[in-house]
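Chemist: This is what each chain is made of:
There are 6 protein chains.
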Amino acid sequence: MSTFSNPLRQIWAEERTAVNGWLAVPSILGVEAMAVAGWDVLTVDMQHGTADYSDLLSLLPVIEKSGAASLVRVPWVDEAAIMRALDAGAMGIIAPMIETVADAERFVSACRYPPEGGRSFGPIRARLALGADYPAVANKEVVTLAMIETKSAVEELDKILAVPGLTGVYIGPADLGAAFGHGPGFDRQEPEMLELIEHIRQTTAAAGLKCCLHCGAAAYAKGAAQRGMNMVTISSDARFIEAGAKAEVSAFRNAGD
Amino acid sequence: MSTFSNPLRQIWAEERTAVNGWLAVPSILGVEAMAVAGWDVLTVDMQHGTADYSDLLSLLPVIEKSGAASLVRVPWVDEAAIMRALDAGAMGIIAPMIETVADAERFVSACRYPPEGGRSFGPIRARLALGADYPAVANKEVVTLAMIETKSAVEELDKILAVPGLTGVYIGPADLGAAFGHGPGFDRQEPEMLELIEHIRQTTAAAGLKCCLHCGAAAYAKGAAQRGMNMVTISSDARFIEAGAKAEVSAFRNAGD
Amino acid sequence: MSTFSNPLRQIWAEERTAVNGWLAVPSILGVEAMAVAGWDVLTVDMQHGTADYSDLLSLLPVIEKSGAASLVRVPWVDEAAIMRALDAGAMGIIAPMIETVADAERFVSACRYPPEGGRSFGPIRARLALGADYPAVANKEVVTLAMIETKSAVEELDKILAVPGLTGVYIGPADLGAAFGHGPGFDRQEPEMLELIEHIRQTTAAAGLKCCLHCGAAAYAKGAAQRGMNMVTISSDARFIEAGAKAEVSAFRNAGD
Amino acid sequence: MSTFSNPLRQIWAEERTAVNGWLAVPSILGVEAMAVAGWDVLTVDMQHGTADYSDLLSLLPVIEKSGAASLVRVPWVDEAAIMRALDAGAMGIIAPMIETVADAERFVSACRYPPEGGRSFGPIRARLALGADYPAVANKEVVTLAMIETKSAVEELDKILAVPGLTGVYIGPADLGAAFGHGPGFDRQEPEMLELIEHIRQTTAAAGLKCCLHCGAAAYAKGAAQRGMNMVTISSDARFIEAGAKAEVSAFRNAGD
Amino acid sequence: MSTFSNPLRQIWAEERTAVNGWLAVPSILGVEAMAVAGWDVLTVDMQHGTADYSDLLSLLPVIEKSGAASLVRVPWVDEAAIMRALDAGAMGIIAPMIETVADAERFVSACRYPPEGGRSFGPIRARLALGADYPAVANKEVVTLAMIETKSAVEELDKILAVPGLTGVYIGPADLGAAFGHGPGFDRQEPEMLELIEHIRQTTAAAGLKCCLHCGAAAYAKGAAQRGMNMVTISSDARFIEAGAKAEVSAFRNAGD
Amino acid sequence: MSTFSNPLRQIWAEERTAVNGWLAVPSILGVEAMAVAGWDVLTVDMQHGTADYSDLLSLLPVIEKSGAASLVRVPWVDEAAIMRALDAGAMGIIAPMIETVADAERFVSACRYPPEGGRSFGPIRARLALGADYPAVANKEVVTLAMIETKSAVEELDKILAVPGLTGVYIGPADLGAAFGHGPGFDRQEPEMLELIEHIRQTTAAAGLKCCLHCGAAAYAKGAAQRGMNMVTISSDARFIEAGAKAEVSAFRNAGD
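Residue numbers (this note's numbering), protein chains in the order written: chain U, 451 to 707; chain C, 451 to 707; chain V, 451 to 707; chain Y, 451 to 707; chain F, 451 to 707; chain B, 451 to 707.
Just chain U, same shape as in the assembly (with noise of 0.2 Å):
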């Protein structure tokens, strides 16, 4: 493989949705069970999941080998951990808690090679395992996801989607919905909640750029694809883990003797 082209950008450039896998538990094994299921990407979440950089390095081959685009949830807006993940192999980085300019230009000059940013060089795996042409073409290939999911980002957004060199927004309703009052929890019914996802997406498409939210159910998660969202993610291997083994327990106790 010697070129390297961003599996998620030609999602988009065939104007599809992307499902989105998201991976909270580091285990090769628990990868490859997710992969077979065919999401276009997956995500590993260094935030709230507990993946660790050992970590990283270890699942991308097996999210790379699947045909899924790869993505880093950093924990934070960290140059070194953005830098890292890059130069391990993520196609893509969402991070989170972005609440100004200030941290969308941080976020996006950390995936940037110069002149378009200040990204250091020095791609240890991404070139031998991506392509021998990275370095030429990560500016355009990486995708750069800045999380709206306070109410500062919500009122910068327009500045926010100005940032040059930023792909797109990820809405995280959990911290959106405790920032606006109504208390973390995905899949919002609340008609704030949802007339605000609804404004991100709308000022985000208007701004020519793409915008993600992360789901819970496959329901949802269609509907939010309807009104046009770019990628959703549905669930997590941990909940997958959890809802399998309530459902199997309980039907187990439960079934009449």
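Mixed in with the good hints there might be a few duds.
Copies of the same chain look alike in the list, so a pair counts if it works inside one copy or between any two.
Below 30 Å or equal to it, Euclidean Cα-Cα: the simulated DSS-like pairs (lysine-lysine) are [stated by the list, open to error]:
hint, residue 1, residue 2
1, 696, 590
2, 696, 601
3, 515, 609
4, 590, 609
5, 590, 515
6, 515, 601
7, 696, 609
It is worth saying that the hints were derived from the structure and are not from the lab.
Assemble chains C, V, Y, F and B onto chain U, guided by the hints.
Modeler: What follows is chains C, V, Y, F and B alone, placed relative to chain U:
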């Protein structure tokens, strides 16, 4: 905690069927997600699962904390593997591919301190984690389950069940099915297999020992429990991930547009 | 377990001084060996100890199982480190090198969900391991201790203590001694240091907060407790190894022939 | 990917000599750096290399992604080691120190499902990573190579080659040389050794099986390939580091001032 | 460093008793804390300690750097475990549960290159870390200690001591006590046990081999050294943690208020 | 070992150019294979290499044992990363992307104990591994190298060089080239780049500090040394693997049949 009492033996003392969760994914978070479902027992599978010894060491505290009994399926009838798992704190061992009385004797001997067996002394974590009286009570608390999954084992069943110190048997339907020409698979419905499984269960019960069955679905496990199985395993963490992921991706892709 | 109640807050509710064990060695066996001693609290030191995030994840279940409260000293006042430790299940954070009110505010904000702070939502292991009600009670149960170990911190102490959501302070005598020209070291006896430590304690108590002290020997810690310290740390696992080994080798080599 | 076809068997079907890279360094980055060279096969050496089972699990996806076949040299003819490597996804096994027909039979049995052998069923990662049809095709796709490196093995060669299910032999020139009094070493030039190696190759070919040789330099490997070896191994990652480092340091220090 | 000379053999050449530190905690920091005490030998216990192969690899450099000889107690008389530990750089092996001459022969053979034994060639780290001449001198430098801890071993002692290539024996008082009906424990005082230990020592010395004893306290070890033991082990890192922690917590809690 | 003396400072005291090996592969075996080449310094690259903190901890003993000085390139100018690397025993730090005097001051402060800087006290492994006098001598032995690789750094060079406690600068030709419009790459030959590098070297020398250069080939490094560079890095372990593998595979495939 200074007294070691195996929760699985308590369940059996109450004449209940224990429900066993199966761990193929060696992840702390994954086991926490399993543990909240309320399994009576959680088994770390070191044969066909992907846990290595270091993983075992990190997963046992999670299991213990949940109140479940901890079992380990070792990769083979191997003294080193068995004794290290017990020293690490496993409350019982499932030994695969027991084919002969000699296998069973070697297995049980590795689980019992002299004069009952030849287990070497040094319960390094077991004493600290399970109770100061571990050395004194281990021989009666530790559970030993021999897997019956070959023709030879079925033929020698009576003699295997007569090995002093054996707690019971664990039926592996995949290997057993393959051995009897039905191919691998769980939740067998072939009349010959059903008869065989029932034969093993009755013979074991008649010998005063415990019979356990590896199952796929809760409904099948419930039926097995109703027919007298003393412990039933349902599915596994890896299967919950795979099934959950496939169901959600499929639900998303197949929903009408 | 479905309700999270921080054992350290319970000890303080009973007006007792908590005894804290210090973990620099990221070993499951080592922590088990520490835990049987009956500490009220066990702290994983990620600043000057050698635990990394993956270690933290494997040590917290051992601490929880012992009944002790779990604290983590993070390497720096860093949102990523603080939030990941809390999401992993740490019941409180010790933040080093708090020099200003801004540091303290940033620290506390990272530990408190909105509206009290800016902690991002996703208590991935905390909810599973500590209790289903974790999201609801975390803001009142999680303990936040700011290290007072620089001149600047002493000068700004009143303002630091006034930061809403701060539980108390943790005195680091090594850095504090160095800052005041006495060099590093525990169990300070210099009159200036004794006075300084007592000043911090009284000021903290007057503000209605908790004051904690890092100590070397039990005797010194006892004295500190008698003078009103709310938590005292005694030595560390690494020091127990070093002292034990030196004592035994020395006893052997120096015994008369 | 739903169909498992072993690339090594494809190369042999085309009557080509496979070039095998040898992995002693269990590093994801190191294997990526090896993989870009275009080896037909990459072997994880768990006998004299430093990979443990957890490493194997993390390296196999990297090998698979490169398109190379994956082999594992297990530390010993041990059922647990062999079956776990296969379940992890290894496409073939090199078994060291096969001395007798009994060794060879035990080795092959561990690699073949019933009725051909006694491999226990549970291809936990192999099914997910190599193809859904893995259980059906494993017996014909998995490669089994017995190391011929002792006097006993040479003497019993005919009988070893007659073991059903054996794919071929792998010649270890270091141990073989030591066994025949020539000391360890690769790329043997001693007439007796050359004759011995050719004898093994011809005998193996006459039995319709594959003969493979561990080599040091490409030139020697090329000669072996021209004489009919079916797979040749060249050097190793650790040797590339050592040779590269020594060459550069030496070039620097010996350059004229 | 290009010449490998085993420090333990040097100590014995000077007719001194070696003092051995015991490592059950697989932590780099823990071993550094042990190493500064000045042990002659440090043993990684892979039987009843919690080190796995990957740990061994990381601990050996720490031991070597300290100047101490490195020993490994393998989990069982298993060729794979023994050869991998030696290839990793262990300077000697303690083999548990040697019961028969056959066990002893198999053990020693795994430690010696042909023609003295059947160790497979490939000292991957040993050559790099211990000296370029390792292959040439390993057979005379590597130490082989058979554990005498069962009735059978005591009965066959003369024959075991006659196995060529055996360096000596290592007495395990816990298993030996259990075997002779006195229960496990160190620092035996029972007349029968004292007599038995002295009998083993004298028989071993008469055969010209080394006799080593696992001890708890320095005082007991000193007595054993004075009676002629060639190596004495004192306590362990895990015991230092447990004892240190209990002493400090107890001192704190029991100090008068 | 009770006295810490940095071997790199000794080399500079002898007015020699140090030869630095670069470690991107976090493998104990890989570092042993590097170390036998006789480098003066070995640097663990935590920015563009794949070592994480746990790897660092396991690699430092290997470096120390070889007699080489140990440096760590941290991922960013981050107090936590710098102090943890030093506490782990790194003998010096290379800090990337120093753009301003403020960056340089913050970097050096993190490396120096008060009153020279703000490094927090707790040299947990450094004291054990490097010498009991570490706390007393660290400020003068630890080496601090600021990377000059941006336009801003070149412009502020004089001021950066004036920061008290800075040992010298480390030129990163890839980022520097990118910053000045020549694209990434080592061993620059562009006249502007050669002039720029020489300018940095002369300015640094004039300030009485050390100038170091990251190189690809030994020949280029030799030239740089002859022109006065105080330390030159040559290639890396990952490059040795890639180059070695490609050369051998190519030699095999291209050899005439």
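Chemist: List in ascending order the numbers of the hints, as given earlier, that are violated by the structure.
Modeler: Hints 2, 3, 6, 7 not satisfied by this model.
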